[in-house]
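A.B. asks: The residues making up each chain are set out below.
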Amino acid sequence: MITWEQFQISLAPLVVLIPLLTAFILALMKKWPRVAHSIATAVSIVVEAMVILLFYTVREKGTLLYVFGQKGATDAIPANSIVPIRIMFEVDAMSAFMALTAATVTMAASIYSLSFIKKHTGVEKYSSVLMLMLAGMLGLVLTGDIFNLFVFFEILSIASCALVAFRTERWESGEAAFKYMVVSTIGGLFLLLAVGIYYIQYGVLNIAAIATYISITGATRLNLIALAILIGVFAMKAGGVPMHFWTPDAYAAAPAPITIMLKTASLTYLYALFRTTFTLYSISVDVRTVGWIIIIIGLLSMLIGVTMAIPQHDVKRLMAYHAISQTGYMMIGVGVGMATLGTAAINTYGLKAMEGGIFHIINNAMYKGLLFLTAGALFYATGTRDLNKMGGLARRMPVTTICFMIGALAIAGIPPFNGYASKLLIYESVYEFNPYLAIIAMLVSILTLASFVKVFHSAFLGPDLPEYRKVKEVPTSMKVGMGVLSGIIIAFGLVPHLVVKYIVEPAALALVNQGGYISTVLGTAPPQAHWAVSGGVTEGAFFGTLLTNSGAWNSLLWIIVMFVLFLVAKFIYSLGNPTYNKGTEQIKPFLSGWKESSKSASHVRASNLYWGFLNSLSGYYRPLRRGHTGIVNDYVGWFVLVVSLILILLTTLGIKGGVI
Amino acid sequence: MRRAVSALLALLIFAYLFGVLLKAPIPGDYRDERYNYYSPLSGREANESVPDHYVERGEEETGSQNIVTSIVVLYRGFDTLGEVTVLFTAATGVAFLLSTQRSKGEKEKKKEPNFMASTGVGLVLPFILLVGAYIFVHGHLTPGGGFPGGAVIATGFVLMLVAYPRFQLREKKVSVVEAFSGLAFAVIGLISLIMGLTFLENYLPKGVAGTLLSAGIIPLIYIAIGFKVGSELSAIVSHMKGGEE
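Chains D and A, in that order, give the protein sequences. With positions in the first sequence counted from 1, the corresponding number in our numbering is that position plus 806. With positions in the second sequence counted from 1, the corresponding number in our numbering is that position plus 3.
No wet-lab data here; the hints were simulated from the structure. Treat each hint with caution, since some may be false.
Where chain A lies over chain D, by a calculated footprint (3+ residues, C-beta under 8 Å) [to be verified]:
#1 831-845
#2 870-878
Below, in silico cross-link-like pairs of lysine-lysine (BS3-like), each with a Cα-Cα straight-line distance of 30 Å or less [to be verified]:
#3 A:K176 / D:K836
#4 D:K837 / A:K175
#5 A:K176 / D:K837
#6 A:K176 / D:K924
#7 A:K209 / D:K877
#8 A:K244 / D:K837
#9 A:K209 / D:K836
#10 A:K175 / D:K836
#11 A:K244 / D:K925
#12 D:K1278 / D:K1405
#13 D:K1401 / D:K1388
#14 A:K176 / D:K925
#15 D:K924 / A:K244
#16 D:K925 / A:K209
#17 D:K925 / D:K1276
#18 D:K924 / A:K175
#19 D:K867 / D:K1307
The structure presented is a predicted model; accordingly, all values stated were derived computationally and were not measured. Note that the Cβ used here is the ideal one computed from N, Cα and C, for glycine as well.
Work out the full structure, taking the sequences as your base and the hints as a guide.
C.D. replies: Shown next, in the form of structure tokens:
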């Protein structure tokens, strides 16, 4: 019988298998859709608990191996062979980190869905496919076998596609699902080609074994082709510009809980990108070239994502473009780590940049999830996603408003929220790599704040519009779903040093440590892969201090200082003579003597807010708008173009010793 | 213009990839001596790659005469579970997309079944089902297995749809078969987990290779896959035709 030890080792496959089994059962419960979704919610909570236990086990015992169908789950190489034969899960701190992110978001999404999709038919299928998405994400991040990764890539893509099409009564769902399907299928086939390239050369499918071979033979031309394909595929699925076109369509058309699942799925593809570059190739290729490729994709994502977000007036499309732009931060942070890999710089600022990027992954999953959920709440309450039609909703939906504010401040990087801590880590370390990158990153943050000010102003502030007099706050389960994520954001914002020390830094070190990943499977690692990075000190002497690259950040201290300043300001204010009287002429808007015709006429609508900005930049926006054609052929064309460009870059500069 | 550029780009990529592949190492290059030293067990055995291992030790380790089957079901059984799940997801997705577009308004013409077709199908159908079942039951002995067997069974249902215009698949029953066969696959694997073995590790006697009752859990899994693939493909076809009225 199974023992506790065996159970701990079996956690990795169990967190994938339990949702998988649940999905098969749930599809049958056509008559009890509510029960089906309750079961799905319960399972997602159980899986979250198991993933936390898995994370704890990885912390205690180091990298976990689980070999499927072999005597002794942890013997990677069977007694009668010299290479790993079977599929295995290899869970290092980075995989466990991603699993934690995915499971947490899924939990929030399924709690939120309890009332969100009440009015729909096919809820049992929805819950079933939601469980498949969870299984797909966890499998993708836990696996140590590249073909197995492809299988989970497929499960995740098809499950996402099915859920994008969930609202079959709206035309846009079908269109978005079709585009997503085409793009994912082509990405999947390219991925299969890359897997084939490894298998034809080395005859193994295990990631650690392939990494060993690559570090021995160096990056051959075939390996560079495979690398170009893998970077292209995963960057496309993560929503990197200019392969992001499917993202706003899919994110806007899917129901809000599914949007946050899609967002988290894109983060798992980002993980796959990092796994490819750091574990499969590491220093076998010219790290500066690969690092700069990731950085450039990240830079384009940040800039184009945020500038495309500003003119949007569909709240979910706006947030989708922000999702793209935030992914850019992670790519820049981790890209800088890649570009400094194997040099002395990784110890001085490279690792910090990676920590910032990886910290940003979990932060982003939380606040982006929260924001999409508030967008879903707005849609649930008002029946529209058009910001131009909204206004004055803060009066009716106080909880949603507070959750939105938390999410918006976090995404804009305002202290003391979690987004600030990770962005500070990225700014300070990227500045040492290349100052312009850090300056652009800060600029993008400001634009992010600007566009969320727009959402806040046009949806929540403004006069009490007559058409929304009957709007009520969303049901409890949706509040709980948003509350879970808000709580995590606030907690991460208050104690970023603990999060970095216990969750983020182990993940960053695991990602860098190619030798460790290989030797867990093979026992030893080739000398080319033997170089390790020691973690820096992340915790300052004073409680609550996070040491960033050249400075420190203490949110508790910041709050205390702000509170004292607030008291001082309050004191100064009380000295004055208040002349503001409620209920008099003073509170009416001044319209140069004109009478206010109606409340809704005096509300500045979303599209009118930044007309000056958009007008003066029309030369920039015109080609950008023309580029977003909405034709799926163009999406694929961009993907092929980017893969070819990466391939040209890699074959000219990527061979080790090349210069950029 | 756009087409010309795309075609040119595609041609260039093709030429480049083809050129690289011409100079690429032929399959089997991994048997190079250089790869020996990294292995902790080197010296005990010469080079061996994963395909070699399958060919040389597949039958001995799994008890299955058909090596492809031993790879699909045991060595890479977890991938197969994943692929079955992909199919399941696709079937559910099709159900999502097509569930609202049932032909309620336009009543299909009540065509009488063609006599030749219906008689022919009536004669052939039992044999088709039999062949399908044979293929997946004998998956560990002869070429074939759960996937082709299931596909053959699904063609039987497609023939029924062709021959009898009013024929309808009982979606509910099909989905029960679908879910339970998927469950059976996963449960067979989970039993080994509960027994203290690893997921999908064989726990039944291997028997004599080449006989029907051999290869441990392989036939059980292939039967589950056969039912699952058959029911799923039939359900997809039935959904595309218009589903239950």
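A.B. asks: Work down the list of hints and note, for each, if the structure agrees.
C.D. replies: Here is how each hint holds up against the structure:
Against chain A, the segment 831-845 of chain D contributes 4 residues with a C-beta closer than 8 Å to a partner C-beta. That satisfies the three-residue criterion, and the hint holds. With 7 residues carrying a beta carbon less than 8 Å from a beta carbon of chain A, the segment 870-878 of chain D meets the three-residue requirement, and the given coverage holds. In summary, the hint linking K176 (chain A) to K836 (chain D) is supported, as the alpha carbons are separated by about 12 Å, within the 30 Å threshold. In summary, the hint linking K837 (chain D) to K175 (chain A) is supported, as the alpha carbons are separated by about 11 Å, within the 30 Å threshold.
The hinted pair formed by K176 (chain A) and K837 (chain D) meets the criterion: a straight-line CA distance of about 14 Å does not exceed 30 Å. With a C-alpha separation of about 26 Å, the suggested pair K176 (chain A) and K924 (chain D) falls inside the 30 Å cut-off, and the hint holds. For the suggested pair K209 (chain A) and K877 (chain D), the alpha carbons sit about 15 Å apart, so the restraint of at most 30 Å is met. Taking the CA atoms of K244 (chain A) and K837 (chain D), the gap is about 24 Å. The hint holds against a cut of 30 Å.
Note on K209 (chain A) and K836 (chain D): the hinted pairing is violated, with a Cα-Cα distance of about 40 Å set against a maximum of 30 Å. Proposed proximity of K175 (chain A) and K836 (chain D) is supported: the alpha carbons are some 9 Å apart, at most 30 Å. At roughly 27 Å between alpha-carbon atoms, K244 (chain A) and K925 (chain D) fall within 30 Å of each other, so this suggested pair holds. Annotation: proposed proximity of K1278 (chain D) to K1405 (chain D) holds, straight-line Cα distance about 20 Å (limit 30 Å).
Restraint check for K1401 (chain D) and K1388 (chain D): the C-alpha separation of about 19 Å stays at or below 30 Å, so the hint holds. This hinted pair checks out: K176 (chain A) and K925 (chain D) have alpha carbons roughly 26 Å apart, not beyond 30 Å. Of the supplied pair hints, the one linking K924 (chain D) and K244 (chain A) holds, its CA atoms being roughly 29 Å apart against a limit of 30 Å. Pair hint K925 (chain D) plus K209 (chain A) does not hold up; C-alpha atoms about 52 Å apart against a cutoff of 30 Å.
Using a Cα cut-off of 30 Å, the hinted pair K925 (chain D) and K1276 (chain D) holds, with the two alpha carbons roughly 19 Å apart. For the hint linking K924 (chain D) to K175 (chain A), the alpha-carbon distance of about 22 Å falls within 30 Å, and the restraint holds. At most 30 Å may separate the alpha-carbon atoms for a hinted pair to count; K867 (chain D) and K1307 (chain D) meet this at roughly 17 Å.
Violation of the numbered hints given earlier is confined to hints 9 and 16; the remaining hints are satisfied by the structure.
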